[in-house]
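Trainee: Okay, here's what each chain looks like letter by letter:
There are 4 protein chains.
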Amino acid sequence: MIKYSFENDYSEGAHPRILEALAESNLKQRTGYGLDDECAEASEKIREIFGCPGAQVHFLVGGTQTNMTAIAAALRPHHAVIAAETGHINVHETGAIEATGHKVLTVRTEDGKLCPADIETVAALHTDEHMVQPRLVYISDSTEVGTIYHKKELKALSDACRRLGLLLFLDGARLGAAFACAENDLRPEDLPELCDMFYIGGTKNGALFGEALVLVNPALFEDFRWMIKQKGGMLAKGWLLGLQFKLLFTDGLYWELAAHAEKQAAEIRDGLKELGVEFRWDSPTNQLFPIFNEEQVEKLSENFRMTEMDCLDGNRRVVRLVTSWSTKPEAAEEFLRAVRNVTGY
Amino acid sequence: MIKYSFENDYSEGAHPRILEALAESNLKQRTGYGLDDECAEASEKIREIFGCPGAQVHFLVGGTQTNMTAIAAALRPHHAVIAAETGHINVHETGAIEATGHKVLTVRTEDGKLCPADIETVAALHTDEHMVQPRLVYISDSTEVGTIYHKKELKALSDACRRLGLLLFLDGARLGAAFACAENDLRPEDLPELCDMFYIGGTKNGALFGEALVLVNPALFEDFRWMIKQKGGMLAKGWLLGLQFKLLFTDGLYWELAAHAEKQAAEIRDGLKELGVEFRWDSPTNQLFPIFNEEQVEKLSENFRMTEMDCLDGNRRVVRLVTSWSTKPEAAEEFLRAVRNVTGY
Amino acid sequence: MIKYSFENDYSEGAHPRILEALAESNLKQRTGYGLDDECAEASEKIREIFGCPGAQVHFLVGGTQTNMTAIAAALRPHHAVIAAETGHINVHETGAIEATGHKVLTVRTEDGKLCPADIETVAALHTDEHMVQPRLVYISDSTEVGTIYHKKELKALSDACRRLGLLLFLDGARLGAAFACAENDLRPEDLPELCDMFYIGGTKNGALFGEALVLVNPALFEDFRWMIKQKGGMLAKGWLLGLQFKLLFTDGLYWELAAHAEKQAAEIRDGLKELGVEFRWDSPTNQLFPIFNEEQVEKLSENFRMTEMDCLDGNRRVVRLVTSWSTKPEAAEEFLRAVRNVTGY
Amino acid sequence: MIKYSFENDYSEGAHPRILEALAESNLKQRTGYGLDDECAEASEKIREIFGCPGAQVHFLVGGTQTNMTAIAAALRPHHAVIAAETGHINVHETGAIEATGHKVLTVRTEDGKLCPADIETVAALHTDEHMVQPRLVYISDSTEVGTIYHKKELKALSDACRRLGLLLFLDGARLGAAFACAENDLRPEDLPELCDMFYIGGTKNGALFGEALVLVNPALFEDFRWMIKQKGGMLAKGWLLGLQFKLLFTDGLYWELAAHAEKQAAEIRDGLKELGVEFRWDSPTNQLFPIFNEEQVEKLSENFRMTEMDCLDGNRRVVRLVTSWSTKPEAAEEFLRAVRNVTGY
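Chains as they are written, first to last, in the working numbering: chain A, 321 to 665; chain B, 321 to 665; chain C, 321 to 665; chain D, 321 to 665.
Hints in this document: simulated from the structure, not taken from any laboratory.
Hints should not be assumed to be uniformly reliable.
It does not matter which identical chain is used: a pair holds within one copy or between any two.
[What the hints assert, rightly or not] Straight-line C-alpha distance at most 30 Å; calculated DSS-like pairs for lysine-lysine:
hint	residue 1	residue 2
1	K348	K648
2	K648	K583
3	K348	K323
4	K619	K471
5	K348	K472
6	K365	K472
7	K348	K583
8	K472	K323
9	K475	K648
10	K619	K348
11	K583	K365
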């Protein structure tokens with residue numbers, strides 16, 4: 321019997337405060353397509369908290385939609401995107417970027433993060449009209465393998481991008497997780513300073529759905545709503561997105577939910593380390609990648625849902641565990657207890 | 321002061337029963353991406369009610385997304401779509417179909433509806449490899465100008481499509497409105513019999529959002545979920561869509577909500593006709609297109625939100641009024657009273 | 321037995337002078353991809369003759385390729401093209417423009433030509449983000465129905481484009497024919513003054529193949545060669561194009577060939593008019609659209625190849641006859657004689 | 321002073337026999353767009369020589385155009401291509417494949433060749449709808465690094481493709497070079513047996529331009545001409561392509577020209593090896609990749625044009641030398657003499 325699913329951080333609905341607010345104003349008539357007061361207020365809150373009074377904020381339903389709309393809007397046909405080989409747009413979006421006509425140039429990394437040398441190498445290889453022209457660098461924070469960018473790293477990457485004439489786009493589907501992490505030294509106001517655009521994930525941090533895309537570089541502003549509509553991302557009842565983000569950025573709910581998820585992850589991480597369990601990637605955030613053997617995975621899977629990521633030599637399996645804003649402390653404890661049982665430590 | 325908005329049928333949230341069900345199971349952990357029980361149950365209900373046990377049902381968030389995903393999945397690069405000039409995909413989706421690479425071939429119509437002769441003419445003109453190849457016919461019911469297809473008409477169109485090797489796709493964003501209309505003689509089970517695919521609109525009939533796409537022709541089944549993901553339409557918490565459609569098709573809620581909207585529209589339609597107001601299109605559904613003069617529009621707009629559609633000769637304006645599942649009878653009455661005042665009848 | 325084909329103006333090879341030049345320098349080693357001396361010299365000649373010293377000139381193989389590359393390079397994804405319904409990009413390029421993601425907004429015309437009111441109407445209808453955004457106006461000179469733009473007309477259209485923020489692109493696949501026509505009052509230097517870009521057709525005026533695209537507006541310059549390569553239009557032995565255009569613009573060969581074609585067309589046009597034959601479009605150029613009855617078409621087709629364009633009431637057929645740089649005077653004479661026979665005049 | 325360019329195998333025009341035939345029938349009127357007798361005869365010759373009586377043959381102008389048209393025609397939107405990282409479509413076509421919407425999944429290789437294990441690995445990683453679906457394997461023979469497929473290798477790859485449901489497409493831009501090579505054990509008739517489609521390169525083996533695409537798998541036949549036209553590849557005077565291929569496959573001219581190029585390459589290859597020059601790739605065909613030091617490259621470049629490919633440690637440079645159907649024996653000799661001088665051997 322499955323007691324708890326660590327499959328992802330979007331298995332549950334929304335934080336109850338969101339549902340309450342929704343129910344309260346459900347029958348109010350509102351302007352469609354995100355031109356309502358909720359979206360205006362949510363945008364304003366985000367501009368304040370992230371310290372970018374001149375930015376445009378757009379609310380979209382999901383991550384793939386946000387990535388492909390933002391990237392397609394920023395590029396001319398011959399432009400390409402640079403991403404880590406593990407980048408979400410490269411492996412988990414069914415070629416959505418390519419479907420808008422753009423090549424994703426990939427870089428092999430140890431930890432899912434790009435550094436200046438990576439993009440310099442790619443830029444140096446693409447010199448003439450027989451090759452695509454790199455124009456945008458896509459990163460995620462936290463990354464697909466749970467790691468985060470430290471301020472120094474993001475600054476260096478941002479500097480390299482500006483030097484090379486590349487736009488920098490940060491996918492913050494799990495921005496809460498990154499910022500909640502003990503190691504993190506980035507503050508909200510660093511993002512608009514260092515990136516040309518970024519998005520703040522709601523789906524994976526307590527919203528029913530929704531991502532808030534922040535366009536910082538004014539070169540990206542023109543007609544952006546046309547792009548949203550064309551790519552199928554303009555929600556008729558757009559206020560649903562505004563209302564959720566307004567709440568998430570009221571009284572620090574967004575950060576609080578992320579902190580909760582991180583606390584449960586820390587519990588499991590520390591517990592597993594104590595038991596000597598190895599990790600595939602050293603993630604300080606809410607995605608953990610412990611290594612178990614096949615039998616252990618099988619046993620643990622009787623009660624816990626996890627994702628098998630990879631098979632290593634000698635019968636070892638990398639699994640992914642994700643904690644969320646609604647993971648109960650008991651779930652973490654029970655999981656550790658189960659690991660103790662199956663590992664025999 | 322605005323007393324009521326007749327701007328569209330998606331100004332409010334969702335039917336309260338939907339919000340209640342949402343709140344009830346909010347914290348239940350569910351499989352992502354529409355592979356959950358809610359979606360399975362909702363699909364099953366739809367297959368039963370529409371009498372198509374072998375159909376595939378997919379839930380998407382919005383109309384443009386549904387149209388472009390369904391059409392792009394069905395076509396090869398040189399294939400084109402035939403649509404009425406007023407068709408939603410032609411005028412109100414920011415070129416979403418063309419953005420997937422396909423031409424929309426348009427037909428001028430009086431009433432927003434296609435007939436066999438229309439598509440025969442288009443087919444006859446596209447004969448060789450220097451021209452696109454018509455492959456799919458897009459219609460909507462009710463149409464963008466409020467009209468509906470009678471069974472005989474849809475049957476004739478369907479026959480012509482099959483004769484010409486064309487797929488038939490029915491956009492049912494306002495299928496409820498069409499079926500609720502007194503003139504309607506189509507039954508749910510007629511759609512899978514006559515169309516290759518169709519969608520049932522939730523956004524405009526009481527859901528927070530959501531459209532249920534029904535693929536009838538097995539040639540359209542293969543890998544459809546790949547297309548949804550690539551086009552950015554795969555909702556992480558897909559169960560939100562399943563849960564809503566399950567409720568809408570429980571105890572006839574979907575038809576009940578549409579009947580309510582139609583009742584309010586009938587009230588206004590009949591009232592206006594009595595007052596001698598003319599209409600641009602003779603719509604039997606929840607979209608009405610009365611003609612007022614400029615001053616009348618201005619006065620009415622002080623208390624009611626409407627959409628200006630067109631300017632006719634002699635200072636006359638076509639406006640659009642839309643009633644919804646939540647339009648109160650008082651709103652219709654008040655509007656008629658206001659018309660009486662401004663027209664001086 | 322077919323004595324002569326009036327099917328088009330590209331049934332034969334190239335003017336002999338071109339083949340000679342080709343043979344002469346066939347074994348010379350040259351830089352690839354249009355970066356050779358021939359292309360440089362041809363570009364320089366075109367810039368001089370058309371009076372646009374700052375323009376970029378690019379040589380491409382064919383018309384569809386040129387249209388789609390130029391248009392795709394100029395537009396962002398939500399931008400649309402305005403064209404006459406008869407426009408080549410709308411009917412005879414198998415959706416090549418749409419395949420690059422852009423909608424073609426069409427205007428019904430009497431004579432294949434756009435006027436300011438046409439584009440003002442389209443612009444006025446496209447006002448918000450639910451619709452594509454018109455950005456470029458596509459015209460051809462001579463048009464697909466053989467008509468030409470007078471200077472006053474082109475000036476008015478150009479002014480309207482600038483007022484409305486639209487780019488103007490002139491497809492000169494048959495620019496020679498337009499300029500050779502007695503009515504024409506446009507001079508080469510008018511094109512760069514009035515258009516943002518245009519192309520000079522070689523395929524239909526004595527080259528083996530080739531179109532010279534002239535980018536006038538510097539906003540269109542950036543990375544254009546990337547676009548050519550991506551769209552498959554970068555010819556390895558690009559010098560073949562340069563060499564041909566260099567010759568065509570040496571000693572006025574281009575104008576001379578067009579004048580020859582026009583002379584033959586005039587012969588036929590005048591002869592037919594004398595015989596009382598009606599025309600579907602009143603074309604002053606090398607495409608003629610006489611109307612014959614079915615039996616006449618059948619008889620004439622025994623000896624002459626023509627294209628059937630349309631069926632009119634009462635058994636009447638519109639055919640298209642095209643003369644070329646290599647049409648012999650005898651062919652025109654023989655055709656007229658045959659018409660006299662079949663019509664019995 | 322540049323004595324000879326080894327920059328590529330398309331620096332010169334065409335074999336004189338081609339120009340003669342062209343001149344001879346230059347003024348003959350022919351049907352446009354490849355529907356002429358020359359194309360029909362050339363197709364027939366190719367079907368005979370390659371032993372595939374049921375195949376479709378299409379003639380296109382260039383390689384990028386052929387690759388993108390063939391691949392786009394074969395795939396649905398979510399399908400991806402597997403290619404070697406060095407594959408022409410991956411690095412040297414400015415993202416033409418992605419511009420048609422498809423991802424290129426790359427495999428690192430030692431020698432530019434794919435083996436069954438490569439494609440099995442890619443297939444195994446792409447399992448669900450969140451990822452693209454590999455559908456076509458792209459290889460080239462000879463490859464971009466001059467290597468060739470032996471029959472056993474191609475057979476094994478073909479078997480793996482069929483097992484995995486993947487189409488196999490062989491880019492034969494340098495098929496002549498591959499077949500002329502001493503090591504080669506593939507015969508023409510092996511290609512249609514092992515591949516679903518392949519193309520025979522003319523541009524790099526004595527034609528002015530042109531590639532002959534052979535569709536073997538009947539699933540790829542439908543409406544292919546529509547795809548050619550849409551992608552801008554339908555040449556008005558298509559007979560130019562047919563005439564060239566007809567001649568190339570008359571009296572074995574195609575093989576003869578390739579043999580000549582290979583003979584010159586062998587001369588240089590053997591000469592350099594004798595001198596102890598190292599090679600980056602061990603190419604048995606007409607592309608050679610010797611390693612010189614910076615000073616040597618500089619000196620040699622005074623008289624010979626070559627392409628710098630890469631910088632290795634310690635001041636070493638990889639250059640590329642290409643011989644062609646028209647490389648004179650003297651050029652090879654002179655080059656070897658120059659190398660002797662600069663290396664001081």
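Trainee: Could you work out which of the previously given hints the structure breaks and list their numbers from low to high?
Mentor: Numbers 4, 5, 8, 9 - these are the hints that the structure violates, sorted from lowest upward.
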